[in-house]
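K.L.:
The residues making up each chain are set out below.
Protein chains: 2
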Amino acid sequence: MTTAQIESIGQHNGQTVTLQGWLYNKRKAGQLMFLIVRDGTGFIQSVVFKKEVDEATWEAAKEATQESSVIVTGVVRKDDRAPYCGYELGVQKLELLQKVPPESYPISHKEHGPDFLLENRHLWLRTPSQMATMRIRHEVMAASRDFFNQRGFINVDAPIITANAAEGTTTLFEIDYFDDKAYLSQTGQLYMEAAALALGNVYCLGPVFRAEKSKTRKHLTEFWMIEPEMTYIDLDDNLKIQEEYVAYVVQRVLQNRASELKFLERDLSKLESITAPFPRIAYDEAVTLLQSMGSEIQWGDDLGAPDETLLGEHFQKPVFVHRFPTAIKAFYMKPDPERPEVVLGADLIAPDGYGEIIGGGQRIDDYDLLVQRIEEHKLPLEAFDWYLDLRKYGSVPHGGFGLGIERLVAWLAGAPHVRESSPFPRTIYRIKP
Amino acid sequence: MTTAQIESIGQHNGQTVTLQGWLYNKRKAGQLMFLIVRDGTGFIQSVVFKKEVDEATWEAAKEATQESSVIVTGVVRKDDRAPYCGYELGVQKLELLQKVPPESYPISHKEHGPDFLLENRHLWLRTPSQMATMRIRHEVMAASRDFFNQRGFINVDAPIITANAAEGTTTLFEIDYFDDKAYLSQTGQLYMEAAALALGNVYCLGPVFRAEKSKTRKHLTEFWMIEPEMTYIDLDDNLKIQEEYVAYVVQRVLQNRASELKFLERDLSKLESITAPFPRIAYDEAVTLLQSMGSEIQWGDDLGAPDETLLGEHFQKPVFVHRFPTAIKAFYMKPDPERPEVVLGADLIAPDGYGEIIGGGQRIDDYDLLVQRIEEHKLPLEAFDWYLDLRKYGSVPHGGFGLGIERLVAWLAGAPHVRESSPFPRTIYRIKP
Numbered sequence: 000m001t002t003a004q005i006e007s008i009g010q011h012n013g014q015t016v017t018l019q020g021w022l023y024n025k026r027k028a029g030q031l032m033f034l035i036v037r038d039g040t041g042f043i044q045s046v047v048f049k050k051e052v053d054e055a056t057w058e059a060a061k062e063a064t065q066e067s068s069v070i071v072t073g074v075v076r077k078d079d080r081a082p083y084c085g086y087e088l089g090v091q092k093l094e095l096l097q098k099v100p101p102e103s104y105p106i107s108h109k110e111h112g113p114d115f116l117l118e119n120r121h122l123w124l125r126t127p128s129q130m131a132t133m134r135i136r137h138e139v140m141a142a143s144r145d146f147f148n149q150r151g152f153i154n155v156d157a158p159i160i161t162a163n164a165a166e167g168t169t170t171l172f173e174i175d176y177f178d179d180k181a182y183l184s185q186t187g188q189l190y191m192e193a194a195a196l197a198l199g200n201v202y203c204l205g206p207v208f209r210a211e212k213s214k215t216r217k218h219l220t221e222f223w224m225i226e227p228e229m230t231y232i233d234l235d236d237n238l239k240i241q242e243e244y245v246a247y248v249v250q251r252v253l254q255n256r257a258s259e260l261k262f263l264e265r266d267l268s269k270l271e272s273i274t275a276p277f278p279r280i281a282y283d284e285a286v287t288l289l290q291s292m293g294s295e296i297q298w299g300d301d302l303g304a305p306d307e308t309l310l311g312e313h314f315q316k317p318v319f320v321h322r323f324p325t326a327i328k329a330f331y332m333k334p335d336p337e338r339p340e341v342v343l344g345a346d347l348i349a350p351d352g353y354g355e356i357i358g359g360g361q362r363i364d365d366y367d368l369l370v371q372r373i374e375e376h377k378l379p380l381e382a383f384d385w386y387l388d389l390r391k392y393g394s395v396p397h398g399g400f401g402l403g404i405e406r407l408v409a410w411l412a413g414a415p416h417v418r419e420s421s422p423f424p425r426t427i428y429r430i431k432p
Numbered sequence: 000m001t002t003a004q005i006e007s008i009g010q011h012n013g014q015t016v017t018l019q020g021w022l023y024n025k026r027k028a029g030q031l032m033f034l035i036v037r038d039g040t041g042f043i044q045s046v047v048f049k050k051e052v053d054e055a056t057w058e059a060a061k062e063a064t065q066e067s068s069v070i071v072t073g074v075v076r077k078d079d080r081a082p083y084c085g086y087e088l089g090v091q092k093l094e095l096l097q098k099v100p101p102e103s104y105p106i107s108h109k110e111h112g113p114d115f116l117l118e119n120r121h122l123w124l125r126t127p128s129q130m131a132t133m134r135i136r137h138e139v140m141a142a143s144r145d146f147f148n149q150r151g152f153i154n155v156d157a158p159i160i161t162a163n164a165a166e167g168t169t170t171l172f173e174i175d176y177f178d179d180k181a182y183l184s185q186t187g188q189l190y191m192e193a194a195a196l197a198l199g200n201v202y203c204l205g206p207v208f209r210a211e212k213s214k215t216r217k218h219l220t221e222f223w224m225i226e227p228e229m230t231y232i233d234l235d236d237n238l239k240i241q242e243e244y245v246a247y248v249v250q251r252v253l254q255n256r257a258s259e260l261k262f263l264e265r266d267l268s269k270l271e272s273i274t275a276p277f278p279r280i281a282y283d284e285a286v287t288l289l290q291s292m293g294s295e296i297q298w299g300d301d302l303g304a305p306d307e308t309l310l311g312e313h314f315q316k317p318v319f320v321h322r323f324p325t326a327i328k329a330f331y332m333k334p335d336p337e338r339p340e341v342v343l344g345a346d347l348i349a350p351d352g353y354g355e356i357i358g359g360g361q362r363i364d365d366y367d368l369l370v371q372r373i374e375e376h377k378l379p380l381e382a383f384d385w386y387l388d389l390r391k392y393g394s395v396p397h398g399g400f401g402l403g404i405e406r407l408v409a410w411l412a413g414a415p416h417v418r419e420s421s422p423f424p425r426t427i428y429r430i431k432p
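Protein sequence lines, in the order shown, are assigned to chains Y and B.
In terms of numbering that gives the first Met the number 0, the first sequence opens at residue 0 and continues consecutively.
In terms of numbering that gives the first Met the number 0, the second sequence opens at residue 0 and continues consecutively.
So here's chain Y without its partners, still in its complex pose (with noise of 0.2 angstroms):
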């Protein structure tokens, strides 16, 4: 007997197949049951006709309760109304493996509260909505490292525990390091540089961690970020290969994960329409546009999330803003020559209000000016000895970006807050499951 995925049960139509899976839901008309079963590569509808099985998987069908583990084999029929895969299986034979008791089962089919959801965060992944922005998350991830491994790129991963408060100690988690005290990474981006300057252009993507008491649907504690660092580049380089890897991205999970998709009711023309280049406007222009549009944001004001929503609606496509005010990006961000007031950076805004989903630009190469604004930022000077090393020994033009998975994969999906495409979503009331 062929074990066969529901995922590809194309291929065996007409065949009789094996099914290892789980009871998704089931109803009963009569001498006819419908068992709707899961596999965890998809669902297939599976008809149980009293008459055309023996008593023992009679039973076992009407036994079985929802998400009870069972092992179906049957006649693969193609039948365009079948709901899931089109595709149903002609059950011969059922084998109940282990029964759910009745009534048991913490997930019905009914609507469940987010805090109720996210507490059987271990059971809900088995839905069918979880599983398929699950499969998305899986995508934008192999996509990820393919495109960056496709161009040459060398995946150097960063650590987590590390003694540096890149941006400042107040949104760090503290960890008891044997008799010392460590932090939690929130950004690789200092050790790329290094491993840049050292094997080319270079990426990480791993978790990073942010103690911040952020409350609102696009914040994690734990998330995971891609940061590719490019040397001999400018902000214009940096930009280009930006957008191409986000169309890379959303292209790739149209063309592989476009039955997920469409089960999560999104709209494929719009993401279809995400190709390169991506709009590019100046944070001075950028100002001006929301204003005509009623934000209060003034000059030297960082983008809200309503400015971000509006500039999605408005562009309707990722956008880049560009030359924020140097005054309130992080100290190791290249001023711009003409005009020190800004910098050689662009956060890249998603639409439909998933908000900034990239940050990056050119990294302060020089010593001195380097020095100078850690000082202003008042960060330790001796925390970042190595990384001033960079500066005294070769230095050259660099840069990167840091892209937040979670945030991307909410926006593929729809997802209604980035809790929903992390495995298992930390924030500050959940760390479990």
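Hints are computed from structural coordinates only; laboratory data are not their basis.
It should be emphasised that the depicted structure is a prediction, and the values quoted were computed from it without experimental measurement.
Check before you lean on any hint, since a few could be wrong.
In this list, chains with the same sequence are indistinguishable; a pair is considered to hold if it fits within one copy or across any two.
Stated by the list, open to error - Here are the simulated lysine-lysine pairs, BS3-like style, with alpha carbons at most 27 angstroms apart:
#1 K239 x K109
#2 K27 x K328
#3 K431 x K214
#4 K109 x K391
#5 K377 x K180
#6 K180 x K431
#7 K61 x K391
#8 K261 x K92
#9 K431 x K109
#10 K261 x K328
#11 K98 x K217
#12 K180 x K212
#13 K98 x K391
#14 K377 x K269
#15 K25 x K316
#16 K27 x K391
#17 K377 x K431
#18 K217 x K269
#19 K25 x K77
#20 K261 x K180
#21 K328 x K431
#22 K217 x K180
Go by the hints and put chain B onto chain Y.
P.N.:
Quick look at chain B alone, frame taken from chain Y:
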């Protein structure tokens, strides 16, 4: 002018190209200067002949010190005698971008001690051996993901911040989590079990943490681990995928990083022989074999480092040791139904003394037995409520394994210590840079 990379310099034979990089080393012989230039992708000998360049270029070449950043234009010439890459560059123009003051660069071409090198890890990465090791690490990471992605596994990232103490609290790092306490994850396995029951075959690949005071050459406090988890499998299926995976990674590294392996003076023929299947030996037999080779191991003891080295020498290939005593293994490992004093699990021991690179096996899928084992291990039952749910709701036979990336890289690269296979290694005494 074409900007080229040394890695693919052969495509430009006979052409004039520009290289953007750094000076690695220099030798002067009268009217000739031999500059070894690196650009992150490789090293190339660049020859400056006084009669063929202008005064500015000759002076810049004279001025350039180790690790100064340089932009060099010249003609690519194939020359089998040329060191590093088999090509040399006939320099026409050299620009000195940033000059490192003479005698100031910390890492000279003489030997340095490991502490000094680790202190300067951000610069040590620029040396040929470390660059080669990092490029092998990149290949291991890419090959690992490709192997599982191609087989339909879904990448589900496990959380780092966790409330669980999966294998006891003694080797956990504690974090201040707002007003609470949390831990850094030692393993993603428990989360992968939850994900597998939702999504089928899954894996995570991320950093894990062990607060062990081990000072051996095989231990880091932070390292990367790949942890695949599969549903509806048995131990034999599990070991098959492990050996196919490891063999695939070894062959990919041989194929794509042969020049790095050669630079590191690895015996390629030994690595070429690493193909599936791998030898399998029961723990019982391993004890007898080790005793015959002079080990003092007794039935019931874990394998010591010298035992692992002896097994590696005996088999000259990675070897599975299966069915260890239940008493010395983790609480979640499934006892062999035919012999409950041993578990349905195996370790994979690498040759050449690199020790255990994989631990894995079947997980207990029976609710009552799992509760009993948690209690026997004196672990807090309430911390495992969600983990126990996986046996209450749709339990199925499942298993998986964990492979430590840095140990695998250390073996392939022939590194004397696992800290050389981590970009920024963390040990008991070192969290900087």
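K.L.:
Decide, hint by hint, whether the structure agrees.
P.N.:
Evaluated hints:
In this homomeric assembly, K239 and K109 never come within 27 angstroms of each other (Cα to Cα): the closest approach is 46 angstroms inside a single copy and 42 angstroms across copies. Proximity of K27 and K328 under a CA criterion of 27 angstroms is satisfied in neither setting, with 62 angstroms inside one chain copy and 46 angstroms between copies. In the homo-oligomer, the alpha carbons of K431 and K214 lie at most 27 angstroms apart inside one protomer (17 angstroms), although the nearest pairing across protomers, at 32 angstroms, exceeds that limit. In this assembly of identical chains, K109 and K391 lie within 27 angstroms of each other by CA distance solely across copies; the values are 21 angstroms between and 62 angstroms within a copy.
Only within a single protomer do K377 and K180 lie at most 27 angstroms apart by alpha-carbon distance; the minimum there is 20 angstroms, versus 29 angstroms between protomers. Taking the shortest alpha-carbon separations for K180 and K431, both the intra-copy value of 25 angstroms and the inter-copy value of 12 angstroms come in at or below 27 angstroms. Taking CA atoms no more than 27 angstroms apart as the test, K61 paired with K391 passes between copies only; the shortest distance there is 19 angstroms, against 74 angstroms inside one copy. For the homomeric pair K261 and K92, neither the shortest alpha-carbon distance inside one copy (32 angstroms) nor that between copies (57 angstroms) is at most 27 angstroms.
For a Cα distance limit of 27 angstroms, the shortest separation of K431 from K109 inside one copy, 23 angstroms, qualifies, whereas the shortest one across copies, 51 angstroms, does not. In this assembly of identical chains, the alpha carbons of K261 and K328 never lie at most 27 angstroms apart, being 39 angstroms within a copy and 45 angstroms across copies at closest. With identical chains, the CA atoms of K98 and K217 are never at most 27 angstroms apart, being 39 angstroms at best within one copy and 44 angstroms at best between copies. Taking the closest pair of Cα atoms, K180 and K212 come within 27 angstroms of each other both inside a single copy (22 angstroms) and across two copies (16 angstroms).
Proximity of K98 to K391 under the C-alpha cut-off of 27 angstroms is restricted to the inter-copy arrangement: shortest distance 9 angstroms between copies versus 67 angstroms within a copy. In this assembly of identical chains, K377 and K269 lie within 27 angstroms of each other by CA distance neither inside one copy nor across copies; the values are 45 angstroms within and 55 angstroms between. When the C-alpha separation of K25 and K316 is checked against a cutoff of 27 angstroms, the pair qualifies neither within a copy, at 42 angstroms, nor between copies, at 51 angstroms. For a Cα distance limit of 27 angstroms, the shortest separation of K27 from K391 across copies, 25 angstroms, qualifies, whereas the shortest one inside one copy, 75 angstroms, does not.
In this homomeric assembly, K377 and K431 come within 27 angstroms of each other (Cα to Cα) only across copies, at 21 angstroms, whereas the closest approach inside a single copy is 36 angstroms. Proximity of K217 and K269 under a CA criterion of 27 angstroms is satisfied intra-copy only: 21 angstroms inside one chain copy versus 51 angstroms between copies. With identical chains, the CA atoms of K25 and K77 are at most 27 angstroms apart within one copy only, with a shortest distance of 20 angstroms there and 71 angstroms across copies. Neither within a single protomer nor between protomers do K261 and K180 lie at most 27 angstroms apart by alpha-carbon distance, with minima of 48 angstroms and 41 angstroms respectively.
In this assembly of identical chains, K328 and K431 lie within 27 angstroms of each other by CA distance solely across copies; the values are 25 angstroms between and 34 angstroms within a copy. In this homomeric assembly, K217 and K180 come within 27 angstroms of each other (Cα to Cα) only across copies, at 24 angstroms, whereas the closest approach inside a single copy is 29 angstroms.
When held up to the earlier numbered hints, the structure conflicts with 1, 2, 8, 10, 11, 14, 15 and 20 and fits the remainder.
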